[in-house]
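Chemist: Mind docking chain G on chain X? Use the hints.
Number of protein chains: 2
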Amino acid sequence: MLNHSGYRGKSLAFLQKNNVRVGDVVKVIADSSYSGILMPRYEYSDDEHIVLKLKSGYNIGLEIDKIKIETESSTNMKKENLPQVQVDPKLPKLLLISTGGTIASRIDYRTGGVTPALTAAELNAAVPELGKIANIDTEVLFSEYSENLLPEHWKKIAERIDSCIRTEYKGIIVAHGTDTMQYTAAALSFALTGIPIPVALVGSQRSSDRPSSDAALNLISAAKFLVESNTSGIYVVMHNSINDDEVACHWGTRVRKNHTSRRNAFQTISGSPAYIVKNDSIEKNPQFNYVKREYTPRINFDTRIALVKYYPGLDPKIVDYIISSRYKAIIFEGTGLGHIGKIMYESVGKAKKKGLFMGMTSQCIDGMVSMTVYESGRDLLNLGIIPLFNMIPETALVKAMWALGNSKNTEEMEKLMKENIASEFSD
Amino acid sequence: MLNHSGYRGKSLAFLQKNNVRVGDVVKVIADSSYSGILMPRYEYSDDEHIVLKLKSGYNIGLEIDKIKIETESSTNMKKENLPQVQVDPKLPKLLLISTGGTIASRIDYRTGGVTPALTAAELNAAVPELGKIANIDTEVLFSEYSENLLPEHWKKIAERIDSCIRTEYKGIIVAHGTDTMQYTAAALSFALTGIPIPVALVGSQRSSDRPSSDAALNLISAAKFLVESNTSGIYVVMHNSINDDEVACHWGTRVRKNHTSRRNAFQTISGSPAYIVKNDSIEKNPQFNYVKREYTPRINFDTRIALVKYYPGLDPKIVDYIISSRYKAIIFEGTGLGHIGKIMYESVGKAKKKGLFMGMTSQCIDGMVSMTVYESGRDLLNLGIIPLFNMIPETALVKAMWALGNSKNTEEMEKLMKENIASEFSD
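Chains as they are written, first to last, in the numbering used here: chain X, 1 to 427; chain G, 1001 to 1427.
Since the hints were made in silico from the structure, they are not lab data. Honestly, I wouldn't trust all of these hints.
As the list claims (entries may be wrong) - The following residues of chain X were derived to be distant from chain G, with all beta-carbon distances above 12 Å:
#1 Ala-13
#2 Arg-262
#3 Asn-279
Claimed, not checked - With a straight-line cut-off of 25 Å between C-alpha atoms, the simulated PhoX-like cross-links for lysine-lysine are:
#4 Lys-1278(G) to Lys-317(X)
#5 Lys-1155(G) to Lys-317(X)
#6 Lys-93(X) to Lys-132(X)
No residue lacks a Cβ here, since even glycine has one placed at the ideal position from N, Cα and C.
Bound-form chain X, shown alone:
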């Protein structure tokens, strides 16, 4: 099945009849003519289509009843004979941990497999500049699009990074899908508080075979940043503009993906990136600062937290359902300075009575929650909701999962939520 990964029924028969395998470069005649690489399919796919990755990097689904297909060049299922990586003893060592995502997608379809096999040799062949910056070991921790990552994956990544502390690695690159990269960055920031080395989460918005790909520059910049910046902590390292000129290093608890497709989709909220990597320099933001702490890894997450975004027409019964279920805390994404409508007060009272922790963030995303300005805010304070400063809602959610996971009870959790653990809010 490796040659037809994911195909079944009619589409599998079609491929076998035409002697085409996943990874082959094929020509397809449909309404017009397409040339591309036959991609593997996934569990929930039907059996009436095949998927081609076009040269543009985008995938297209084609109905087998309406097409003719022929192989242009067959995939080589054996590993290519890549040159052995030369180790330069004068350069520092980095570790690249691959978790999946677009950044690994070229290898993905070139080998025809679903698993991104990011060996050191392949990485160096793809981005030879890396070899001049550091000696990079690589390993595949898992290979999931980041929309499928869960708090249990955060834990695995954190544990692997923790095992590298006080080894020869000067820093760690985590190759990661961009969809939930900010959640993982926040999770690592809390779980590995005070980590003495720098960690760079790196992704790409366009797969590495496309001319507009940001993968290589993001990787090169991350390696430079880890080797040269002399900093520590968790960062997201992604394009700073739509040009290939600057890469931003965002502090892990203050970063958000604010565009679906742009290469500079990631932004530091309420401020500028911590570092900018340029062609020949790394510039530190003079305003950037973070709380320095002892390294105290606390690597647990408890998912009994619900994020509730308030909107006009939200039914309090949804909150009542959460209260009556297994949950221990609610993070609200309120409106404006941190409000939810009066219609929710009764439910909030019930949650308080049941001992749930309730924290308030703002769906405005930027700016401070301030619950003493208006009556609504003061009402909510009286009802027991805790304002969470200018924490990004997603960061507050992740922090709550972490705080509950590493506390004996919600009182202890509340204390952690109010403490500025990883510069997640401005005091």
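Modeler: Below, chain G without anything else, positioned relative to chain X:
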């Protein structure tokens, strides 16, 4: 009780003993000395504090056991004798509908009442420049902080505006709290599709007595815009910078509150504001365009819609609860190009089977949902989720309430969701 609105028990006794009434300017000796206006209190307040509005515009709660209070000047509970408004027959007529919020908050505490009483005389006394732009009638539709507004309020505002079409009013100002202004703007945009006159929702981020208040300039600019721009449709009219120099007119379905406190908190997503009102000119954005339609008011909203923001650790059971309840549709705030994790697929399948409409937006807020690029997106398309282009999630939610409210079934609703009704997405 009018004189002590909202106070009860110990705090009421304290105020009566000291002969202080809501609206009075008082001096309070506590840890330090405060001068301010005694504010009314709300239903959920305790009876151990009083609330003072300081000259800074911010409110402070003070514990009665720890303070001394004395009246500096007593409120005049009768209406002030404001000069009669002069009608200039050469000027056009506008209607100002007040719904509440900070923009009415000066009147709020000056009279000592909870209700903002925005008479034409008071408005003209507060912002005399308005009298040179238009003859403005005023009316109070309701007076709620906007976090308390519900779809039933949207309906009332829309009905009142609809009743003004083909009258002498050249345009309508809706004074509105900023917390949920974008939801109301979207609701009016759909309910009053093709409205032949311009409507400006106006709010303020700082109450009108503060030196930094944006209320007057926003009102003046809205009046100018309505009188001079020769446009139609629903707009949000708010500061364009933190200076008092430019006011932006944002198209009602493309605007979002992106900061908790800044005067220029509102931004047009994926573009620039439709118009900029400067001191001596109104500039139209040359890129701005909107679908022109016949006026077809359809003023119903159905709240059987849930907004579900996806995040790692979201329990599918919350979605299962929604499916098993009264809901007819789910709007997802997915990650990246419009994804939710595999862990949700089973629930999504159940929702589809039960006939729920499911639409996909992105929590990135900016950019297009594009569900054919990755396997995850194609899986979700196969499972029946409809991509909602670059609709802002909050706009998509409001549109779904409107579309369901004006459809016989979810098929008809789906057709409306895919149609670009009020330039809510880029085709």
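Chemist: Now look at each hint and say whether the structure bears it out.
Modeler: Hint-by-hint comparison with the structure:
Every beta carbon of chain G lies more than 12 Å from that of Ala-13(X), the smallest distance being close to 20 Å; the non-interface claim holds. With a cut of 12 Å on Cβ distances, Arg-262(X) falls inside the contact zone with chain G, its closest approach being about 7 Å. Non-interface status of Asn-279(X) relative to chain G is upheld: no Cβ of that chain comes within 12 Å, the nearest being about 27 Å off. For the suggested pair Lys-1278(G) and Lys-317(X), the alpha carbons sit about 46 Å apart, so the restraint of at most 25 Å is broken.
With a C-alpha separation of about 23 Å, the suggested pairing of Lys-1155(G) with Lys-317(X) holds against the 25 Å cut-off. Between the alpha carbons of Lys-93(X) and Lys-132(X) the distance comes to roughly 11 Å, so the proposed pair stays at or under 25 Å and holds.
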